[in-house]
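Protein chains in written order, with this note's numbering: chain A, 7 to 491; chain B, 7 to 491; chain C, 7 to 491; chain D, 7 to 491.
Be aware that one or more of the hints could be misleading.
Note: identical chains are not told apart, hence a pair may lie in one copy or across any two.
Claimed, not checked - Result set (DMTMM-like, lysine to aspartate or glutamate): computed pairs, CA atoms no more than 20 angstroms apart in a straight line:
(1) Lys378 x Asp99
(2) Lys464 x Glu310
(3) Lys373 x Asp29
(4) Lys334 x Glu471
(5) Lys378 x Asp36
(6) Lys464 x Glu323
(7) Lys373 x Asp388
(8) Lys192 x Asp171
(9) Lys346 x Glu39
(10) Lys447 x Glu481
(11) Lys334 x Glu474
Derived from the structure by calculation, the hints contain no laboratory data. Please read these numbers as outputs of a predicted model, since none were measured by experiment.
Number of protein chains: 4
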Amino acid sequence: MSLLVDTTSSGREYKVKDMSQADFGRLEIDLAEVEMPGLMACRTEYGAAQPFAGARITGSLHMTIQTAVLIETLTALGAEVRWCSCNIFSTQDHAAAAIARDSAAVFAWKGETLQEYWWCTERALDWGASGGPDLIVDDGGDATLLIHEGVKAEEEYAKSGAVPDPNATDNPEFQIVLTIIRDGLKTDPKRFHKMKERLMGVSEETTTGVKRLYQMQTAGTLLFPAINVNDSVTKSKFDNLYGCRHSLPDGLMRATDVMIAGKVAVVCGYGDVGKGCASALKQAGARVMITEIDPICALQALMEGIPVVTLEDVLGEADIFVTTTGNKDIIMVSHMRKMKNNAIVCNIGHFDNEIDMHGLENYPGVKRIVIKPQTDRWVFPDTNTGIIVLAEGRLMNLGCATGHPSFVMSCSFTNQVIAQLELWNERKSGKYEKKVYVLPKHLDEKVAALHLGKLGAKLTKLTPEQSEYISVPVEGPYKPAHYRY
Amino acid sequence: MSLLVDTTSSGREYKVKDMSQADFGRLEIDLAEVEMPGLMACRTEYGAAQPFAGARITGSLHMTIQTAVLIETLTALGAEVRWCSCNIFSTQDHAAAAIARDSAAVFAWKGETLQEYWWCTERALDWGASGGPDLIVDDGGDATLLIHEGVKAEEEYAKSGAVPDPNATDNPEFQIVLTIIRDGLKTDPKRFHKMKERLMGVSEETTTGVKRLYQMQTAGTLLFPAINVNDSVTKSKFDNLYGCRHSLPDGLMRATDVMIAGKVAVVCGYGDVGKGCASALKQAGARVMITEIDPICALQALMEGIPVVTLEDVLGEADIFVTTTGNKDIIMVSHMRKMKNNAIVCNIGHFDNEIDMHGLENYPGVKRIVIKPQTDRWVFPDTNTGIIVLAEGRLMNLGCATGHPSFVMSCSFTNQVIAQLELWNERKSGKYEKKVYVLPKHLDEKVAALHLGKLGAKLTKLTPEQSEYISVPVEGPYKPAHYRY
Amino acid sequence: MSLLVDTTSSGREYKVKDMSQADFGRLEIDLAEVEMPGLMACRTEYGAAQPFAGARITGSLHMTIQTAVLIETLTALGAEVRWCSCNIFSTQDHAAAAIARDSAAVFAWKGETLQEYWWCTERALDWGASGGPDLIVDDGGDATLLIHEGVKAEEEYAKSGAVPDPNATDNPEFQIVLTIIRDGLKTDPKRFHKMKERLMGVSEETTTGVKRLYQMQTAGTLLFPAINVNDSVTKSKFDNLYGCRHSLPDGLMRATDVMIAGKVAVVCGYGDVGKGCASALKQAGARVMITEIDPICALQALMEGIPVVTLEDVLGEADIFVTTTGNKDIIMVSHMRKMKNNAIVCNIGHFDNEIDMHGLENYPGVKRIVIKPQTDRWVFPDTNTGIIVLAEGRLMNLGCATGHPSFVMSCSFTNQVIAQLELWNERKSGKYEKKVYVLPKHLDEKVAALHLGKLGAKLTKLTPEQSEYISVPVEGPYKPAHYRY
Amino acid sequence: MSLLVDTTSSGREYKVKDMSQADFGRLEIDLAEVEMPGLMACRTEYGAAQPFAGARITGSLHMTIQTAVLIETLTALGAEVRWCSCNIFSTQDHAAAAIARDSAAVFAWKGETLQEYWWCTERALDWGASGGPDLIVDDGGDATLLIHEGVKAEEEYAKSGAVPDPNATDNPEFQIVLTIIRDGLKTDPKRFHKMKERLMGVSEETTTGVKRLYQMQTAGTLLFPAINVNDSVTKSKFDNLYGCRHSLPDGLMRATDVMIAGKVAVVCGYGDVGKGCASALKQAGARVMITEIDPICALQALMEGIPVVTLEDVLGEADIFVTTTGNKDIIMVSHMRKMKNNAIVCNIGHFDNEIDMHGLENYPGVKRIVIKPQTDRWVFPDTNTGIIVLAEGRLMNLGCATGHPSFVMSCSFTNQVIAQLELWNERKSGKYEKKVYVLPKHLDEKVAALHLGKLGAKLTKLTPEQSEYISVPVEGPYKPAHYRY
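Construct all of the structure, not just a fragment, from the sequences and the given hints.
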């Protein structure tokens, strides 16, 4: 690829779409700060002490306005930061520009190719001759994946001299990853080993990324400590649920202007993300149905008046299809062919493989009509009817709208800051092994507490007698670990 | 003004922002047609007969994608059409371009000045030497106003030779109207009289426009028949209510990306528009309060769990303020000064005078920061806090988003088509005098019926015995005139 | 019949179930007064002037605690009152006892036979030798019906000597009515004429009763003025809607203890009553469907996410069936046979003929199992499955629970008091002819205003400038007559 | 006490209110069976094998219709059962009668005194000379408490000869417990030791009971294995949440007939029970506020549009107060004095000490007016205003209504059956130590699955590829242990 890194006047590297949008980005960052009390409280509480002094942090996480406030919280606490997006459509170019100009090295723009995407990831991990980052903020686990695959390849190369063969996989994205690693072996066959050595740990944002980490922990292949931010209550029960309740209709409306009221909508999956989506659609006046594999989640849907169906049974009836499962192959091209004309198909769950984009793109005679970026009408030759696919099957709230709103991201990102502080502060203590950890409940409760004032809430205090009666400390934590909220 | 009218290759006049967006507009019009079954059914039912053959229709109504489908329904039925927008921010430029290129004379773009706005209105009414339109589709009543004011001025001029004095009013917009009329008197002192003579009637879309019409009817000054489309059940109880339920959060999200959940929102007015707004905000997780003058609407709010407050009592508590009253001077600059930092202030009710924009603009030392078009932060010098005003106080759903979605507009606009057909078909019968009429209930029910199939509904039929028992014809109308739905 | 009228120590007649419940009734009346601010305000405003001094009022309206507060408001204003219930199951015996002991002549108990029901109605209309009442408060129109049928029979008798033949109808209830009239002719062939002469008018509570009145008005057979209380906004849009939203689930729970969440519920009819029922069931977690004949109401349901189906299509799927139509023959025995085992069938609309009780009772081999009063399981011989019918097909909220709650009935009944005052105050003015009237909007608004304080609401006042701008008086009325709320 | 045990013709002991209600109880049990698919499926799956043959089960759990179906499931699987209620007001006398006549030894009636309550508990544990039960089904932990306190006293008595002194506590209920134990020591100083020896374990139903068990586990004083049924997802996230959402309004309506719409309601505590209550009140049209000590739960409320307040701040504003905390001293008499006239105060959380009933009863000059059983108006002498207290401060859904509906209790009780089976089947394996266990996730999922068919749900199946991709077995369990639903 012929991409060139740009450099600010102060010498910081970047690659963004349009640096002239930096002022606009700054205005929106200013607004977002008012909506992100948790992050701002971290600046107030920790800023003066500069706890991240000397720390290099690489982030691979949607380069949005909200992420900008996260980055500038990390830098306000003393960190040096390099950043890329974790989704080819999720960057907000004005946010990227403002951060690139003012605060950190950014490699991200809206509408990257997959090649460009991994080039950006590599750049964000590349701290020059002295190795990689001290800490990673990851979302979906791509930065973590690259290092793990890189180390694996370097080991094989050291042992046998073999280099990865991109043609060994038919996954086009993984071919790119292997190519990057293969090419790197020539110039520095220990690049990823050096990264691994330096790394104090990763904090991971999402269900999908966390699943990968636990799999590596189980397999014994995890190379550094990991904090599972996703399973903080103030993350998964807020961002996944309330964030999607906000951003799903936002994405639908910006992409299609369709009236949700009166429509039949099928949400595949009724986890936290699915619950948020179903709630939003129902409240907007749609008739919502869900599909589920898990009988408990299915029964929850029923208790909310939502029928549990199979996708096959409602293909010809529904107007809107949303995948939220974190699994692959949820809506196949064979399903899409049976849908109503102009049925909307979108994914807010996980990777674009929830929807069979590969099958759709390769359907004989299919015609793609770009209505506008991220909104495509695909017309089948046999029926001459079309379906509307959002964000090319990728996360539609980030591709078609601006992702989750600032306030709920403040909860998630305050967890990130706390997790990064934990990993950094304990870097020498041995507290964290090569395992996956969740934050202790008192920190989770602290994140929540930091967000109450903005909304005018007033907590009640336990009396000493009440505290004793229920054996709960006056200052918390207030619930046992297994409490489900 | 130095605005010049453009001309298509076929000789049709237009003035739009960017003709190159016509293809994009056409794609969105194609999608909208699928969502507007009532309009499409009109084409099927009446198209072949060309009932509007020979009719000239002028429209002054937000030049959106949905309106494009309305316009092309009118032309499909044989009409010739000229169009302008009824709001300086509400035009969708790609819609305007597609219509200008393909179907009708359009004078509209997003972000007109007030001068440009009235120039467009004048153009839409100007059918050349042979006078004005046969029919008007009006929204808010500006086209109707211009003719009435013009006729009044021409009468005065004929009587006394006096011309209107723009300085006689301190309303800057009305100064423009008077200037236009004054300037026209020089070239053709009977221009508006000729229009009046030709006009078969107007069909009016909104509560505000209808109110003006009834006032003129009462005063005996109405110059031609008017059909009150707003008070068709399938308009006011659908577009006003369900349209705003959809487009208020849409506008808020596109303009500010603010998280609605957790916020305190005050909706001023609990009529149909206010009910839609309050419902949307509540369902998105806001704590909603309303203000009302009418005890019945207030009691309705209470029955839905919504407190009824005065604006003064909650200024420092609320995060979002929405005006829906149809009245003026609802939120004054004295109120705005007492709001929280970054409180959002917007109007979805009527004209920009619901919010005291004049007072705000002239507040000593106030600073306006344009975040992006239609999203301004106004900072007060004394507190150094700011508020965010959407769409410069004009209809925020049209200024910041794309207005109501197609499906609900199909209900409203099918009423428009039917009203226009009534006025045209009865142009010689004397059925309609210079009064305000509502459509008969069976036509209202027909509009609803045309929209059921798209949503998969199946009506029940009265048996003859049941029909007799309740004295309601099997084919309807099903309710007495006073029924409230 | 061998029913005997009892007499209090003060000489007032009554017939109730159990006078020992009077104390309990009084306690509940005391509680209800706190919840009925409109009625209490009437006592405060009008009590001292005793406007009803000399007036005889007969009421035929569910003898509940709320009605007790109405009755005692009428007596507090000087009226003498006789009362019966308008439904064989709706009397609350403790309410009847308290009123009989303390305030008015009551003839009502829970579980009357139809014979007893009409005996009670006759007693309530029987003011002794000096004729009938001056005013009637009617609900469903049975008292009005009896007088009209009586007058008709007396006219025929005077003309031809013919007496009504109960066997001329196969409606068993109407046979009873004719029998009463026939038997009365022997003792006083001018009884109903005397009533008619004295009567100043009736105020009618319900949709069904009002429909009858308008039919008589159209036919020219209405014998006295009538005020349509049902169509006061503060009645039909409150009691019908919010009252049923409260009392439908109340009746279901008391009768069956069934979990509503997760169930499929079909509401037949989506008028005000149906809207209240559908809303309650949806919010409790049921999947709600409706049936409708009216396309406008159907489209409203769709906008709320409620599918519009035909009863036939969902017989085997639904768990709960509710009729709200005001029509007859909605759920037939042929439908019931196809329902799931233990499907619940109930009516909250109108008379018991919404459900084909006659067909059910006469179905060959059907078996009725009384679970408890008003809750019957009917088992079909062929399938050996059963359905559960509430309140024998009559209004289930009154039969199985306690009807609408006090607060919303205070709205309805304040309208009744105002209507009765109008009829009485204008008895000599000729203001009211033998027609049906609705109360003027300012009185409707007054009723609402009287209920705001209790709920802590604070109205906004129009400024004079605003008042002029929208041409609405500062003190109201605030809306045009056709406004739909 | 002079209570005498009755005996059926077959020799089984019982003490119930009225054996003549057994037929009515049986009819309602028949209906409930149709609504309790999980329990019925247990009978089908395990009945033939008679797994409980030889097992003695004592239950201390609200003796309702639903519990009757549980008891008869246990007996259908071979168990012998003795039962008491765990709340003085929660017994449904017809249910108790049916079970006493047909299936098990029952000692329970609605409206026990505390003395009677503990007499019943003692009877249920008393299996005659051969010791106590093999298994306990407990709710709130009273049966477990009695045994633990008994064993402790017997140990002290064996050691020092000292007997418990009831006057050593000022808790009147605990005085009764100590008296029972003291009196028992005289006749059999090893009674509770013998029980302890025989007991295979307890399965506990509630949050409160579970908390006690964990405290004993931590203290090392737990005498036998315990299964925490409460924290099965299909219990705490269903019964606590959806059960209360149903039964809170049911209790309010039966006790007071109050209109919930328009009222201000304060829910103390926003755990599962509080969430259910707040949701129900909000949906019924109340303005809901909550109090919380836990910032996470508080933030959840805010995201649903519910303000978080302190009780002190809203005492004069609210109409309805509900405690759901599981803690004591939530609403004190000092609070009650400041409430509005006829404010309703009730508890659905835990014991009657959530409300300061002691303080209320002993408030100088306070007057109690019994409106009807479980509905008392308490009038303060200084203000002469009153508040309405439900169920004497005990669980109002059981005291004033019929508790949770059958369907959701089927989920809870199927967990109980499975837990009892586990304890019994593993009685010799040593699998369960003297600790607290939760059921494994696959059993939790099984409980849910058993309830889907009744509601017409259709689950989706993972393909092998999907199963591998997300590392989840096709047959489940589908979620990690920490998943929160």
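Inset, instruction - Pop the pair Lys373 and Asp388 into one bin, within, between, both or neither, using alpha-carbon distances up to 20 angstroms. - result: Cα proximity of Lys373 and Asp388: one copy only (11 angstroms, versus 57 angstroms across).
Inset, instruction - Have a look at Lys378 and Asp36 and pick one of within, between, both or neither, based on CA distance no larger than 20 angstroms. - result: between (29 angstroms within a copy, 13 angstroms between copies)
Inset, instruction - Since the copies are identical, ignore which copy is meant and state whether Lys192 and Asp171 lie within 20 angstroms (CA to CA) inside a copy, between copies, both or neither. - result: Within one copy only: 14 angstroms inside, 83 angstroms across.
Inset, instruction - Since the copies are identical, ignore which copy is meant and state whether Lys346 and Glu39 lie within 20 angstroms (CA to CA) inside a copy, between copies, both or neither. - result: Cα proximity of Lys346 and Glu39: across copies only (15 angstroms, versus 43 angstroms in one copy).
Legend entry - Homomeric proximity label, Lys334 with Glu474: Cα distance no greater than 20 angstroms: Between copies only: 10 angstroms across, 49 angstroms inside.
Legend entry - Within, between, both or neither: Lys378, Asp99 at alpha-carbon 20 angstroms: Cα proximity of Lys378 and Asp99: in one copy and across copies (17 angstroms, 14 angstroms).
Inset, instruction - Since the copies are identical, ignore which copy is meant and state whether Lys373 and Asp29 lie within 20 angstroms (CA to CA) inside a copy, between copies, both or neither. - result: between (40 angstroms within a copy, 17 angstroms between copies)
Inset, instruction - If the cutoff is 20 angstroms on CA atoms, where do Lys464 and Glu323 land: within, between, both or neither? Let me know, please. - result: between (47 angstroms within a copy, 14 angstroms between copies)
Inset, instruction - If the cutoff is 20 angstroms on CA atoms, where do Lys334 and Glu471 land: within, between, both or neither? Let me know, please. - result: between (52 angstroms within a copy, 9 angstroms between copies)
Legend entry - Lys464 and Glu310: within-copy, between-copy, both or neither at 20 angstroms Cα: Answer is between; shortest inter-copy Cα gap is 16 angstroms, intra-copy 29 angstroms.
Legend entry - Copy assignment of Lys447 with Glu481, given that the CA separation must stay at most 20 angstroms: within (12 angstroms within a copy, 32 angstroms between copies)
Checked against the numbered hints given earlier, this structure breaks none of them.
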